[in-house]
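J.: In case you want the letters, here they are:
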Amino acid sequence: MIKNFISFLCKASPFLAVIILWRLQLHFWNPGGVLALIPIFYYSFVRPVPWFAPFSILFCFLIDYSCDTKLFWTTMYFIAYAVNGFQYFIDVQRADKNALVPFMIFFGLSLVILMIINLSWVMIFRCICMFLWACAIYIPITGLMKKVHGDD
Amino acid sequence: MNQNKLSSRAIKLLKSAAAAAAVPCVFIYILVSKPDFYLLNALGHVVVPVAHTVGNIVTWPIRAVGESVTNIYDLSHLRAENERLQRELDAARADKNTCTVAIEENKRLSNELDIVHATPQNVIMADVVHDTVALHHSNFLINKGVFDGIKRGMVVTSVDGVMAGMVVDVGGEFSRVRALNDADSNIAVRIAGDEVYGFLSGDGSNTAEIGFFSRPEFKATRGMTVITSNISGVLPNGILVGTMKNNHEVKVLQTDSISRVKVLEFNTNNEYK
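Chains B and W, in that order, are what the protein sequence lines are.
Each residue of the first sequence is one higher than the one before, counting from 92 in the working numbering.
Each residue of the second sequence is one higher than the one before, counting from 352 in the working numbering.
Each hint should be verified, as a subset may be incorrect.
No more than 30 Å apart at the CA atoms, straight line, and that leaves these computed lysine-lysine pairs for DSSO-like [unchecked claim]: (1) Lys237/B - Lys602/W; (2) Lys161/B - Lys570/W; (3) Lys602/W - Lys238/B; (4) Lys363/W - Lys385/W; (5) Lys161/B - Lys458/W; (6) Lys613/W - Lys366/W; (7) Lys366/W - Lys458/W; (8) Lys102/B - Lys570/W; (9) Lys458/W - Lys385/W; (10) Lys613/W - Lys237/B; (11) Lys363/W - Lys458/W; (12) Lys596/W - Lys188/B; (13) Lys363/W - Lys502/W; (14) Lys188/B - Lys570/W; (15) Lys366/W - Lys188/B; (16) Lys102/B - Lys363/W; (17) Lys458/W - Lys238/B; (18) Lys188/B - Lys447/W; (19) Lys161/B - Lys447/W; (20) Lys161/B - Lys602/W.
Some chain B residues near chain W, calculated using beta-carbon distances under 8 Å [unchecked claim]: (21) Ser104; (22) His118; (23) Leu149; (24) Gln184; (25) Ile196; (26) Leu200; (27) Val203; (28) Ile204; (29) His240.
Hints were generated in silico from the structure; no laboratory data involved.
Where is the CB? At the ideal position from N, CA and C, for every residue including glycine.
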């Protein structure tokens, strides 16, 4: 019974991680639940999980709704998904540090576009802080996810 | 084995092609449905409450611990807060008599000058259930929606009458309010006690800005009161917006400081976009 429950939790953990990180929004540390993009990226591109892509699209839409960014993150996800599927240069699944560099490119590029659309000193400061914080927390979160699935 | 590999590769390419095809569709949708985004908002009205309910269930242990810590912190500061509130109450009592006289004088002057102050046709009380400050945006959700008579463009104020924002999207049982410091917010304002007009816009920071005044030689100073103006025909005249922080920045209500709001309906000429 307990084994079954633990196995269910392990299977549900990608989805739970996204829900938890999206719901626990905090003004500076997790604005609009954008940190949910970490498990979204990880389970979509680094360690793909069946049926995770539609779920990711849904939560990108929810992040957009929270942030009032009009399908921005959803579009960025579509682009990343398409680019990842078509390219052969970077093997995201075997990249170092749980694919930190590809995540930095995806997240950093998105923030730069957002920054250019609404250029101001406050926005530049917030985007830099957000980028550094998300990259810093990427390794522990993905490390935890690896442990949950016994990938170490 | 090779066939399997080939078919999985083909499926991956097919999925990627679908994702790539979705991008122009999204762009076309954004261009076509601007600025109302009816389909997007309609989808939000269904998905957001469900996701919030699921999120609340999944995260309740974490939030319970967080709330306990907040409660302990609040309790430990209760005495100091009580002393501060006592001081503020004494100061408010001292101001009250002056205010009563000023209100009566204002009424008399308004009657003499035939100034008509807008009174709301409908007032709805609501609780703030969720607030988001994300990069350049600042908005919050309230627990009243279309079933309670809330419409897009209604004015939202704090309980003490300070403007908090405008309703930008209405769901069945919730509404989304755009705060004044949101980068998309732009409202007509006036300096109280003067015929100087301007437009107040947010940039995602804690303050909102007035870019220019209707009278170029006018120099705003710290402490001046800013109220809404009906020059654009969207807002009524005379709702308190905030106070000038310097010559262009206005200190406005922060979303995290509001827990209960009044939603006001006015008979204005133009629709809020």
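J.: Would you mind marking each hint as holding or not holding in the structure?
T.: These are the hints, each one checked on the structure:
1. Lys237/B - Lys602/W: violated, 46 Å
2. Lys161/B - Lys570/W: violated, 37 Å
3. Lys602/W - Lys238/B: Status violated; Cα separation ~47 Å.
4. Lys363/W - Lys385/W: Since the Cα atoms of Lys363/W and Lys385/W sit roughly 33 Å apart, the hinted pair is violated (cutoff 30 Å).
5. Lys161/B - Lys458/W: violated, 45 Å
6. Lys613/W - Lys366/W: Distance ~47 Å between Lys613/W and Lys366/W Cα, so the pair is violated.
7. Lys366/W - Lys458/W: Roughly 68 Å between the alpha carbons, so the hint for Lys366/W and Lys458/W is violated.
8. Lys102/B - Lys570/W: Not OK: Lys102/B and Lys570/W at ~63 Å, beyond 30 Å, violated.
9. Lys458/W - Lys385/W: Status violated; Cα separation ~43 Å.
10. Lys613/W - Lys237/B: violated, 48 Å
11. Lys363/W - Lys458/W: violated, 72 Å
12. Lys596/W - Lys188/B: violated, 46 Å
13. Lys363/W - Lys502/W: Violated. Lys363/W to Lys502/W sits at ~45 Å, over the 30 Å cutoff.
14. Lys188/B - Lys570/W: Status violated; Cα separation ~55 Å.
15. Lys366/W - Lys188/B: holds, 26 Å
16. Lys102/B - Lys363/W: With Cα atoms ~22 Å apart, Lys102/B and Lys363/W stay inside 30 Å; holds.
17. Lys458/W - Lys238/B: violated, 70 Å
18. Lys188/B - Lys447/W: Judged against 30 Å, a Cα distance of about 64 Å means the pair is violated.
19. Lys161/B - Lys447/W: violated, 46 Å
20. Lys161/B - Lys602/W: holds, 27 Å
21. Ser104: For Ser104/B, the interface hint is violated, since the closest Cβ of chain W sits about 11 Å away, which is over 8 Å.
22. His118: Result: holds, 5 Å to nearest chain W Cβ.
23. Leu149: Since the shortest Cβ distance to chain W is 7 Å, the answer is holds.
24. Gln184: violated, 12 Å
25. Ile196: Nearest chain W Cβ about 17 Å off; hint violated.
26. Leu200: violated, 14 Å
27. Val203: Not OK, violated: Val203/B not within 8 Å of chain W, min 12 Å.
28. Ile204: It is violated, given that the least Cβ distance between Ile204/B and chain W is near 12 Å, above 8 Å.
29. His240: violated, 19 Å
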